[in-house]
Amino acid sequence: MFKTSIRNKLLAHQTSTLLLLTIPLILLFFSSFLVGRYPISPLEVLMVIASKIVPLNTIVPLPSDAVIFQIRLPRILAAMLVGSALSIAGAAFQGLFKNPLVSPDKLGVSAGAGFGAALAILLSLSAVMIQVSAFIGGLIAVALTYFISRTFKGTSILTLILCGIAIESFFGAMISLAKYVADPYQQLPSIVFWLLGSFAGVTPQKLVMMGIPVLFGISILLLIRWRINVLSMGEEEARTMGVDTKKLQAIIIFSCTIVTASSVSICGIIGWVGLVIPHVARMIVGPDHKILLPASVIIGAFFMLLIDDVARTITTVEIPVGILTALIGVPFFLYLLRKSKEVWV
Amino acid sequence: MNQLMEIQNGSFSYDGENNIFRDINFSTDHGDVFCILGANGTGKTTLIKCLTGLMKLNSGTIILDGEDLDSLSAVSVAKKIGYIPQIHYSTFPFTVLDVVLMGRSPHLELFESPSEKDYKIARKALRSLNISHMEDKPYTEISGGEQQLVFIARVLAQEPDIMILDEPTSHLDFGNQIRTLKIIENLAKTGLSVIMSSHFPDHAFLSANKVAIMQDGSFLDVGSPEEVVTAENMEKAYGIKVEIADIHDRKACIPLKINEY
Chain C
1 MFKTSIRNKL LAHQTSTLLL LTIPLILLFF SSFLVGRYPI SPLEVLMVIA SKIVPLNTIV
61 PLPSDAVIFQ IRLPRILAAM LVGSALSIAG AAFQGLFKNP LVSPDKLGVS AGAGFGAALA
121 ILLSLSAVMI QVSAFIGGLI AVALTYFISR TFKGTSILTL ILCGIAIESF FGAMISLAKY
181 VADPYQQLPS IVFWLLGSFA GVTPQKLVMM GIPVLFGISI LLLIRWRINV LSMGEEEART
241 MGVDTKKLQA IIIFSCTIVT ASSVSICGII GWVGLVIPHV ARMIVGPDHK ILLPASVIIG
301 AFFMLLIDDV ARTITTVEIP VGILTALIGV PFFLYLLRKS KEVWV
Chain L
1 MNQLMEIQNG SFSYDGENNI FRDINFSTDH GDVFCILGAN GTGKTTLIKC LTGLMKLNSG
61 TIILDGEDLD SLSAVSVAKK IGYIPQIHYS TFPFTVLDVV LMGRSPHLEL FESPSEKDYK
121 IARKALRSLN ISHMEDKPYT EISGGEQQLV FIARVLAQEP DIMILDEPTS HLDFGNQIRT
181 LKIIENLAKT GLSVIMSSHF PDHAFLSANK VAIMQDGSFL DVGSPEEVVT AENMEKAYGI
241 KVEIADIHDR KACIPLKINE Y
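Taken in order, these protein sequences are the chains called C and L. Per this note's numbering, numbering through the first sequence is continuous, rising by one, with the last residue being 345. Per this note's numbering, numbering through the second sequence is continuous, rising by one, with the last residue being 261.
Some clues are possibly wrong.
Claimed, not checked - List of simulated lysine to any residue pairs, SDA-like, C-alpha gap at most 20 angstroms:
1. L:K117 to C:I157
2. L:K49 to C:N8
3. L:K120 to C:I40
4. L:K79 to C:K98
5. L:K120 to C:N8
6. C:K9 to L:K79
7. L:K117 to C:K98
8. C:K9 to L:G31
9. C:K98 to L:K56
10. L:K56 to C:D244
11. L:K49 to C:E318
12. C:K9 to L:K49
These are computed hints drawn from the structure, not numbers from a lab. All values derive from a computational prediction rather than experimental measurement.
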């Protein structure tokens with residue numbers, strides 16, 4: 001009856017859209033090696049990377065090798081992972097809460113992670129321990145939100161959000177308390193700078209610590225992504241369509257929390273990305289979570305990497321990315337909003 | 001003989017004291033259209049939610065195809081019962097086809113998404129309701145009547161034995177109400193068992209073969225439309241006088257003018 005079935009047509013269309021989105025990301029990925037204080041030519045980048053794959057007899061200057069593999073590559077990968085993580089978590093949360101205004105830190109993960117980091121700074125722990133403490137802080141905050149909301153009668157998605165807001169405020173106050181008691185010459189600036197968000201301190205070790213949980217969480221979200229469609233029609237409707245909504249909600253919250261907590265723990269609190277990139281993705285690929293989630297991953301990685309490149313180059317002293325995401329993201333988003341035909345109810 | 005769905009002495013309360021409804025008994029089988037009438041606040045929606053498994057009875061049992069509804073998983077229930085709520089709050093502008101595909105979820109594993117077969121079933125459901133032409137449209141941008149058809153198509157894609165609708169006609173215009181009832185009647189002819197609540201006694205004559213009138217949480221009367229939708233019962237249930245008239249080939253329930261104020 002049909003030469004190609006509608007599903008194959010849709011799949012082909014979706015795949016080609018995703019591939020098209022990937023091209024600018026790949027170009028940006030390679031150009032990002034050229035960005036920074038130490039000048040490296042494109043040829044050097046290619047040679048250094050190629051020398052890791054096939055043994056080359058050419059002489060590559062040693063500093064380039066170190067800069068590329070010890071500093072720039074981890075930083076580039078971290079920025080991409082964080083952008084992907086925050087964006088996919090935002091897209092999944094917006095589906096879960098049936099609300100396009102929700103960001104991945106709505107259940108308190110960023111505030112909890114911020115407090116975890118602040119506490120580790122107060123205790124003068126190492127950079128790696130600050131990351132671990134931030135990650136744990138984020139998990140604890142969301143666990144508190146989740147379990148407190150479950151003790152209420154008639155647990156709904158709204159009570160979950162309300163508990164999230166409460167826990168967020170609580171940990172916000174704890175961060176303030178940490179700042180208040182911190183030594184104002186060393187600890188306080190560290191806390192403030194940490195909270196502003198930056199990729200400057202990324203090392204290969206930190207990248208691995210953060211990359212594994214992020215990739216794990218993203219994989220789970222990608223596996224269940226079609227079900228988010230059903231869930232976003234409303235909890236009761238989803239249940240009558242055979243969805244174990246409590247379990248699915250728990251899986252989404254767990255996955256989003258580990259990716260967001262890992263992201264915040266390596267680079268501090270970066271707002272705006274998780275809220276806005278899903279919208280950008282929706283404008284390009286539509287609301288179906290089956291394609292929306294992978295598109296958010298790609299666009300989020302692109303956006304975050306672009307912002308970090310700007311942060312590294314625009315001034316001699318690096319601007320924290322947390323500031324730039326909003327400074328660049330807001331006008332960009334408003335521009336898209338004007339151009340888009342999409343209307344949100 | 002075993003019926004497809006049977007509720008025995010069903011009662012429900014939120015607090016264990018004040019029953020929302022009590023001692024509800026009825027059964028439906030393939031091809032039946034069971035219509036629940038009653039005034040606002042008599043517990044129709046709560047009863048409907050218990051029948052779908054969304055809420056649990058405090059006492060009594062619901063037997064679905066020989067098994068206790070309580071003992072079945074959400075997936076098993078969804079393979080037998082499709083449900084259309086009274087109100088749907090939309091968030092994202094999914095295409096009509098995407099919405100209908102969601103009906104396939106009880107037939108898919110947690111990590112699965114719709115396959116070729118599921119697309120075929122979804123499109124067949126759209127064709128059977130003559131709405132194939134709108135499959136690419138956002139379901140948020142079509143009329144209320146069309147949206148109701150999309151939800152019926154979603155239930156059809158779910159391939160259940162029973163379709164439960166909570167006041168399927170309450171948001172529809174005059175023409176679409178009657179068209180929806182006609183579609184329900186046609187679906188019942190194919191063997192689907194339909195349970196719906198309605199505000200319009202006349203709808204019972206138009207599409208149902210079994211009717212119950214609910215008042216203050218219990219059934220005032222159950223039976224065929226002719227037996228149940230009587231002037232006497234209507235006055236008890238709604239507190240207004242009606243006349244049951246014979247028009248052409250059917251009976252009609254017509255309210256009389258209210259004089260006493």
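Hints and how they fare:
1. L:K117 to C:I157: violated (33 angstroms)
2. L:K49 to C:N8: violated (38 angstroms)
3. L:K120 to C:I40: violated (55 angstroms)
4. L:K79 to C:K98: Violated, because 25 angstroms separates the two Cα atoms, which is more than 20 angstroms.
5. L:K120 to C:N8: holds (12 angstroms)
6. C:K9 to L:K79: violated (28 angstroms)
7. L:K117 to C:K98: violated (28 angstroms)
8. C:K9 to L:G31: Not satisfied, since the Cα-Cα distance of roughly 38 angstroms exceeds 20 angstroms.
9. C:K98 to L:K56: The given pair, whose Cα atoms are some 25 angstroms apart, is violated under the 20 angstroms limit.
10. L:K56 to C:D244: holds (16 angstroms)
11. L:K49 to C:E318: violated (58 angstroms)
12. C:K9 to L:K49: Status violated; Cα separation ~39 angstroms.
Consistency with the previously given hints fails for numbers 1, 2, 3, 4, 6, 7, 8, 9, 11 and 12, ordered from lowest to highest.
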